[in-house]
Amino acid sequence: MNKLLAKLGLVKTGMEARKSVSFGDPEAAKGGLFWSIVSIVVILAVWSAAVAAELANPIFLPSPLDVLGQFKMVATDGFRGSTLWEHLAISLYRLLTGFVLGCLVGIPMGFSMGLSKITRGYFDPIVEFMRPIPPLALIPLSIIWLGIGDASKIFLLFLAALWVMVLAARSGVQSIRLSKIHAAYTLGASKKQVLTKVILPNALPEIFTGMRVAMGVCWGTLVAAELVGADAGIGFMITVAGKYLETALVFVGIIIIGIIGAIIDVGMRKLEAKMIPWKGKA
Amino acid sequence: MPGLTIDRVGMIYQLPGGGEVEALKDVTFDLKPGEILTVLGPSGCGKTTLLNIVAGFLSPTSGKAVFGAGEISGPGPDRAKVDKLITGPGPERGMVFQQGALFEWMTVAENIGFGPKMKGVAQREINGVVERYLQTVGLKGFGEKAIYELSGGMQQRVALARCLANEPDLILMDEPLGALDALTREKMQGLILKIWNETGKTIALITHSVEEALFLGERVFVMAPRPGRIHKEYRLPFARRGLAESLRDIKVTDEFTEKREEILTLIWEMEEDIMGKAELADDMGGAPPGGGEKQGEHAAGVGGKEGGGL
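In order, the protein sequence lines correspond to chains A and B.
Mapping to numbering that gives the first Met the number 0: the first sequence position 74 is 73, numbers consecutive.
Mapping to numbering that gives the first Met the number 0: the second sequence position 9 is 8, numbers consecutive.
Next comes chain A alone, as it looks inside the complex (with noise of 0.2 Å):
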């Protein structure tokens, strides 16, 4: 019993028992896995109540349970022609391939950067160019030159994440305390292995920070993508459906990404644990 209230964040254990100051201790605020449960369950009830009362026409606001039945519709019947799943895949496929293709381009390109005088002035004006460009207002060149295909919405969501990357490993990169480069070079390291055994996993915290932050991007400029000229995926489904006034099926897709996007943030940052345990603590 005393376990289960200890994981809810009910009582204190260990150490914070012993503490007897614990506000602006930041350990002190984590762990409240029970007040989690409770915000969630209060959005249900407020959302319920509020459509029990009649406080907003069903077109505005469904019923939770609405939502819920619309959400098996989809996932069993489909949506023009795909089902709630296909719709997802579809849209994933997007996001993670553009997203890939940005590390791998953006990753060596931010390297480069930080190495070298001449990669670092050539692509600077590029890259200073076309970071304060939202992806969205390229939607309409990308269509032009690449049709309304794949290719279009993947060429986007590649930019979205390719010059959050590029920045990202530029300033990994020159992150590293010189006296780490010198130590190596001492202990005999090559050039190369300066930067395999040294300089690139040194990079990796801030790396894996800008991955966090393009998958974050790549979310955003995946749907509005989608709203131009596609026939599948969770961005045209929830356009589709608000454009009918199908409330209920609009709130599944923003779910839908809510929950999704949070389970690729929690993988990442679990494998940031795993990968670079001595973040924060050199």
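No lab work stands behind these hints: they were computed from the structure.
Don't be surprised by glycine CBs; every beta carbon is placed ideally from N, CA and C.
Hints are supplied without guarantee of correctness; some may be wrong.
Stated by the list, open to error - What the simulated footprint calls covered on chain B by chain A, stretch by stretch (three residues with Cβ under 8 Å from a Cβ of chain A suffice, anywhere in the stretch; the number is not a length):
1) 91-98
2) 110-122
3) 139-150
Given the coordinates of chain A, work out where chain B should sit on it, guided by the hints.
Only chain B this time, still in chain A's reference frame:
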């Protein structure tokens, strides 16, 4: 084992805003194999610049640094001794830095084995080397720990072991104990002497602490700033004595305290001299006093840009 020759080494830094600083001027000395040298001086006296030149991270603007004269080229009676001019870092000159130069992404053992591994030594042999040096620095059983799990003193032990495992002929130390607490620091000083004794390596160590310089230096250079130069050299018996006696006993002898006071006074006078000059310059509306000092030196001296350009 080779020795170190520093021949009229000078270093002038160009400042970004124009002007220049003479970080080192006409520094000349020899370090014989197996000697232990400590370098002491106020900030801005060029200690770190000197060490960086010897390590090969910087090349001097004048003079030369030579490590390991005595290479013989060709047979015959007229064998020429070829000087090994220092032109870059090399594994024969190891360096122990201030804290933060270990590789956090590697275990203690991987850090220590880094040098041999880069050379392509077989893993089994590396394991043996690592074990030996873990023992030397008193960290037996800590091989699989992560760097961030160790205290500051233990981290510097790993840094020492990493340097030793690469078997350099000359070990350079840039304030290696500067960030440690007094107790740990004393223990580490004993460890450095022990390593010096057991390995017979040539060691040059920079420090801000007069006591540390006296403990660890068979030879002690007191450097003066603007232009950075060797102001006075001492030859002291304490390092050798420290091999047999406890450092704490040496510390309370009259001989030790006298030398400490002497050097402290020397440095104080130097500092006062500098401060005096700065105040005088302020009184004169920023113009430097006469006596051949360049404007740039004065301007830069305020920033205390030791080892600048790095």
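Original post:
Can you give the numbers of the hints that this structure goes against, from lowest to highest?
Top reply: none
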